[in-house]
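Engineer: Sequence:
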Amino acid sequence: MLDLEYAQASHCGRVRGHNEDYLGCVLPDAPERERTHGWLFALADGVGGQENGEIASQTAVETMLAGFRRAGRHTPLRSLVPRLVQAANEKVLEAALSGPARGGAMATTLVACALRFDRAVVSHVGDSRCYSIRGGKATALTRDHTLAEAGTRHVLTRSLGNGLFVGVDTAEHIVLGGDVLLLCSDGLHGAVSAAEMAGIVTGNSDLNAAAGRLIDAANERGGADNVSVQLIRIRNVERTGMYRGRPYKLA
1 MLDLEYAQAS
11 HCGRVRGHNE
21 DYLGCVLPDA
31 PERERTHGWL
41 FALADGVGGQ
51 ENGEIASQTA
61 VETMLAGFRR
71 AGRHTPLRSL
81 VPRLVQAANE
91 KVLEAALSGP
101 ARGGAMATTL
111 VACALRFDRA
121 VVSHVGDSRC
131 YSIRGGKATA
141 LTRDHTLAEA
151 GTRHVLTRSL
161 GNGLFVGVDT
171 AEHIVLGGDV
181 LLLCSDGLHG
191 AVSAAEMAGI
201 VTGNSDLNAA
211 AGRLIDAANE
221 RGGADNVSVQ
231 LIRIRNVERT
241 GMYRGRPYKL
251 A
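When we follow this note's numbering, the leftmost residue of the sequence shown carries the number 1, and every step to the right adds one.
Since the hints were derived computationally from the structure, they do not count as laboratory data.
Values in this document were obtained by computation on a predicted structure and should not be read as measured data.
Worth double-checking, as some hints may not be accurate.
Said to hold, decoys possible - Here are the computed lysine to aspartate or glutamate pairs in the DMTMM-like style, where the Cα-Cα straight-line distance is at most 25 Å: (1) Lys137 / Glu220; (2) Lys137 / Glu238; (3) Lys137 / Asp206; (4) Lys137 / Asp118; (5) Lys137 / Glu5; (6) Lys137 / Asp3; (7) Lys137 / Asp169; (8) Lys137 / Glu172; (9) Lys137 / Glu196.
Could you put together the complete structure from these sequences and hints?
Structural biologist: The following block contains the structure:
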């Protein structure tokens, strides 16, 4: 069994007047759902600095959550999560063409992490990130889809809502007791280093306090962007193996 706790926080920052980030999660409502479905955490950062960014990020996350809730029992997360990201891309594109945006362009980044047994599956598009914090050190589990521009600014090379299909990067990771997974928008990782994030998380036993301190740290560095974070601490994990798609306990 996998025992975890989580916290999440979001803030518009000190410069922008509204928040284009959106985040959400699906938690198992019974032990059986924990074994057959697991947990899902998702965070999106709307692109463009306009109202449509808010629509895009919310559409992407809500599509992910709804699809995860509808998924069949024991659906492999390695195939499910990127499939849900593709569905989210289609919904964002659909909203841009015929929804509230009335034909206006909209796009969003997205990072999602699903957990079941002793595995975490991470999928992402854009520059919202997922880190693993283990032994006081933060390791990036995602690689930004960006290019440097003029040596100072990075521009996205991939985002949801720009076409019917999108390239989704997905990887599976084994989690250990004491690990913390950190999902965030670029408002956090663009202002606060990975080492500083690891220090804040490691130094706060209360995840809600840690999430709040991360937001504060980004705002103390100018708060030039919306900033969002999800923290998932693995309290205890039972090692499992897989045989013909079915888990079994490892001695």
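Engineer: Just to be careful, I want the Cα atoms of Lys137 and Asp206 compared with a cutoff of 25 Å; is the pair within it?
Structural biologist: Since the Cα atoms of Lys137 and Asp206 sit roughly 18 Å apart, the hinted pair holds (cutoff 25 Å).
Engineer: Could you grab the alpha-carbon distance between Lys137 and Glu238 and see if it respects the 25 Å cut-off?
Structural biologist: The hint holds at about 23 Å.
Engineer: Is the Cα-Cα distance between Lys137 and Glu172 25 Å or less?
Structural biologist: Holds. Lys137 to Glu172 sits at ~19 Å (cutoff 25 Å).
Engineer: Under the criterion that the straight-line Cα-Cα distance not exceed 25 Å, is the pair Lys137, Glu220 satisfied?
Structural biologist: holds (22 Å)
Engineer: Within a Cα-Cα threshold of 25 Å, do Lys137 and Asp3 meet the stated pairing?
Structural biologist: holds (21 Å)
Engineer: Does Lys137 pair with Glu196 here, judged by a C-alpha cut-off of 25 Å?
Structural biologist: holds (9 Å)
Engineer: Hey, Lys137 versus Asp169, does the alpha-carbon distance stay inside 25 Å?
Structural biologist: holds (23 Å)
Engineer: Can you confirm whether the C-alpha distance between Lys137 and Glu5 stays at or below 25 Å?
Structural biologist: The given pair, whose Cα atoms are some 19 Å apart, holds under the 25 Å limit.
Engineer: When you check the alpha-carbon spacing of Lys137 and Asp118, does it fall within 25 Å?
Structural biologist: It holds: about 20 Å lies between the C-alpha atoms, which stays within 25 Å.
Hint check: no violations occur; every hint is consistent with the structure.
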